[in-house]
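There are 2 protein chains.
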Amino acid sequence: MANASAGRSALSRHLRILSAFNADSAFLTLTQLSRRAGLPLASTHRLVTELESHGLLERNEDKTYRLGVRLWELACCTPGALGLREIAMPYLQDVHAVVGQHTQLGILEGTDVLFLERLSKRNAVVNATLIGGRLPLHASSSGLVLLAHMPSAFVDQIVNDGLFSYTNHTIRSLSELTATLSEIRSRGFVVADGYIHPDARGIAVPVFGANQVVVAAISVVVPNDETPWEATRDILRRAAQQMSLALRSAYLPPRHPQALPGGRYRPLVNSSVKSMEYLGSTARRYSAVPTPRD
Amino acid sequence: MANASAGRSALSRHLRILSAFNADSAFLTLTQLSRRAGLPLASTHRLVTELESHGLLERNEDKTYRLGVRLWELACCTPGALGLREIAMPYLQDVHAVVGQHTQLGILEGTDVLFLERLSKRNAVVNATLIGGRLPLHASSSGLVLLAHMPSAFVDQIVNDGLFSYTNHTIRSLSELTATLSEIRSRGFVVADGYIHPDARGIAVPVFGANQVVVAAISVVVPNDETPWEATRDILRRAAQQMSLALRSAYLPPRHPQALPGGRYRPLVNSSVKSMEYLGSTARRYSAVPTPRD
DNA sequence: TGAATACTTCCGTTCATCGGAATAGTTGCT
DNA sequence: AGCAACTATTCCGATGAACGGAAGTATTCA
Numbered sequence: 000m001a002n003a004s005a006g007r008s009a010l011s012r013h014l015r016i017l018s019a020f021n022a023d024s025a026f027l028t029l030t031q032l033s034r035r036a037g038l039p040l041a042s043t044h045r046l047v048t049e050l051e052s053h054g055l056l057e058r059n060e061d062k063t064y065r066l067g068v069r070l071w072e073l074a075c076c077t078p079g080a081l082g083l084r085e086i087a088m089p090y091l092q093d094v095h096a097v098v099g100q101h102t103q104l105g106i107l108e109g110t111d112v113l114f115l116e117r118l119s120k121r122n123a124v125v126n127a128t129l130i131g132g133r134l135p136l137h138a139s140s141s142g143l144v145l146l147a148h149m150p151s152a153f154v155d156q157i158v159n160d161g162l163f164s165y166t167n168h169t170i171r172s173l174s175e176l177t178a179t180l181s182e183i184r185s186r187g188f189v190v191a192d193g194y195i196h197p198d199a200r201g202i203a204v205p206v207f208g209a210n211q212v213v214v215a216a217i218s219v220v221v222p223n224d225e226t227p228w229e230a231t232r233d234i235l236r237r238a239a240q241q242m243s244l245a246l247r248s249a250y251l252p253p254r255h256p257q258a259l260p261g262g263r264y265r266p267l268v269n270s271s272v273k274s275m276e277y278l279g280s281t282a283r284r285y286s287a288v289p290t291p292r293d
Numbered sequence: 000m001a002n003a004s005a006g007r008s009a010l011s012r013h014l015r016i017l018s019a020f021n022a023d024s025a026f027l028t029l030t031q032l033s034r035r036a037g038l039p040l041a042s043t044h045r046l047v048t049e050l051e052s053h054g055l056l057e058r059n060e061d062k063t064y065r066l067g068v069r070l071w072e073l074a075c076c077t078p079g080a081l082g083l084r085e086i087a088m089p090y091l092q093d094v095h096a097v098v099g100q101h102t103q104l105g106i107l108e109g110t111d112v113l114f115l116e117r118l119s120k121r122n123a124v125v126n127a128t129l130i131g132g133r134l135p136l137h138a139s140s141s142g143l144v145l146l147a148h149m150p151s152a153f154v155d156q157i158v159n160d161g162l163f164s165y166t167n168h169t170i171r172s173l174s175e176l177t178a179t180l181s182e183i184r185s186r187g188f189v190v191a192d193g194y195i196h197p198d199a200r201g202i203a204v205p206v207f208g209a210n211q212v213v214v215a216a217i218s219v220v221v222p223n224d225e226t227p228w229e230a231t232r233d234i235l236r237r238a239a240q241q242m243s244l245a246l247r248s249a250y251l252p253p254r255h256p257q258a259l260p261g262g263r264y265r266p267l268v269n270s271s272v273k274s275m276e277y278l279g280s281t282a283r284r285y286s287a288v289p290t291p292r293d
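Residue numbers (numbering that gives the first Met the number 0), protein chains in the order written: chain C, 0 to 293; chain P, 0 to 293.
It should be emphasised that the hints constitute simulated quantities derived from the structure, not laboratory data.
By construction, the Cβ of each residue, glycine as well, lies at the ideal position given by its N, Cα and C atoms.
Heads up, some of the hints might be wrong.
[To be verified] Have a look at the derived ranges for each label pair, beta carbon to beta carbon: (1) C:A230 / P:N167: 49 to 55 Å; (2) P:L244 / C:A230: 55 to 61 Å; (3) C:Q240 / P:A41: 34 to 40 Å; (4) C:D93 / P:D198: 24 to 30 Å; (5) C:R58 / P:L40: 32 to 38 Å.
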């Protein structure tokens, strides 16, 4: 193709457009897309038109665009995430029925927790996570559980990449982190008080797949008050045990020993994309105050 | 690009690869992908490598490919489908808790029902649907409810496109269909006995959004026996009412008056793709016996 | 009504994409 | 082990699809 100034291939352009959407801004105009994707308007127009013709984008009456259901349909065949989700769901529902607070299922993706499912009550405490949302490993209860079972080189990288602080309870040093992680390994759970929001407490336990590999974490978010958490932890533990049992009889592709191609672990999004200022979603999604811009 | 023999653009090639996966075959080798997508092996290799680098595909240890979680992540920002799903979930869970059988949420997509969510019990009766799966409108209880609120031109097209018969109870004529649809409009629900599987009964009711437009259907699949279904229907009705109420206060992009660009309604997948024999998934997914091939 | 902003179409240039062919790796059979 | 059949990967020159500046059209707002 001609003068491909921006992101190399056609695919990366298309993805740059699709990635411009996030939970905060699900409706974008052509111009916004163009700016967010860092592509010329004319090119954006052409790309967007093609994406629409394939059902990856849909058009609203006010001419803004939204992501199309086609995308969702494709995603439904993802075995890595959705196989796990399918199997885990019934148990997650059980936990939710008893605890009645945010209940979530997360996996390690790149250098974040990715939440595959979240069950909520309308009046539950505030919760930072979204389905399909990510949180840094060091700050969330689920993340810590997942991190606890990773090689130390991986932990080091997380620390080097910077430990974002949501509150003044968020873990902010390597020593604090390694202490917490070894405690998790010996005790088999974690209670994170106010790491992300002062009023929220996260409780998480690991879910094991075949040959004792940690494949996911389940967690609940409850108010950060004097309520004892032991009962909740035990419920989580029992659910996780059941899930592990169910998982053992199902084939799921191993995701955890995360390939490290050039010695480094793969970051959450393609580095080429990650580094682009205009994409912004990744870095910004972590900040306490979400600032959607065009 | 050079000698672009097959599907026009780069995007359509990429999509052809991604679409080669379905629930029955979530793991495919390069050669299988090449065959299914109808693309030269070398090209497939190149495309697949790029898709992998963007996280849209992932590689298994045995060198087969699977769809990547990135896809799922993107899909999580789809407001059309997922906004609805988010809002509907709690009520769907309530229904499921009481009924204890397959409970599902479906929307009209192209000329099919697309199921956004399904809650099941391990020991529930057989059920043809999958999350992200489709069923023809005339054959499923959800589909009939959705179809009942569409213009007659749309119904005609469905009939002209052919009414696939799963069992000898499946609706197979225009007259039968229009009779059923008008009954649905006056009664506000449908009971479909053995339309898809002789032992399964579907019960469905419509979910209304703003200004009384039908945006979805919720349904349960129960055994097709002498058990009275009135109680179940009433539970569904009440849940649908609650959903409609919740939906009224949320903005959801209107999906239903389905744009008809050239007089015809848009078929489920790009016509260019649909007509390709080698893709096969669409047509085949409807047949009683799923026949996954390379 | 006029100006600013957003969207769409046009079209000549160009380089990323294309895929045949050759090479390397794997599996299974005798 | 040796061979055959299959699968995956790399190479590379030709070429036309994708590129985006610019000009035209529609919409919004004061």
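Each hint tested on the structure:
{"no.": "1", "hint": "C:A230 / P:N167: 49 to 55 Å", "verdict": "54 Å, holds"}
{"no.": "2", "hint": "P:L244 / C:A230: 55 to 61 Å", "verdict": "34 Å, violated"}
{"no.": "3", "hint": "C:Q240 / P:A41: 34 to 40 Å", "verdict": "48 Å, violated"}
{"no.": "4", "hint": "C:D93 / P:D198: 24 to 30 Å", "verdict": "27 Å, holds"}
{"no.": "5", "hint": "C:R58 / P:L40: 32 to 38 Å", "verdict": "37 Å, holds"}
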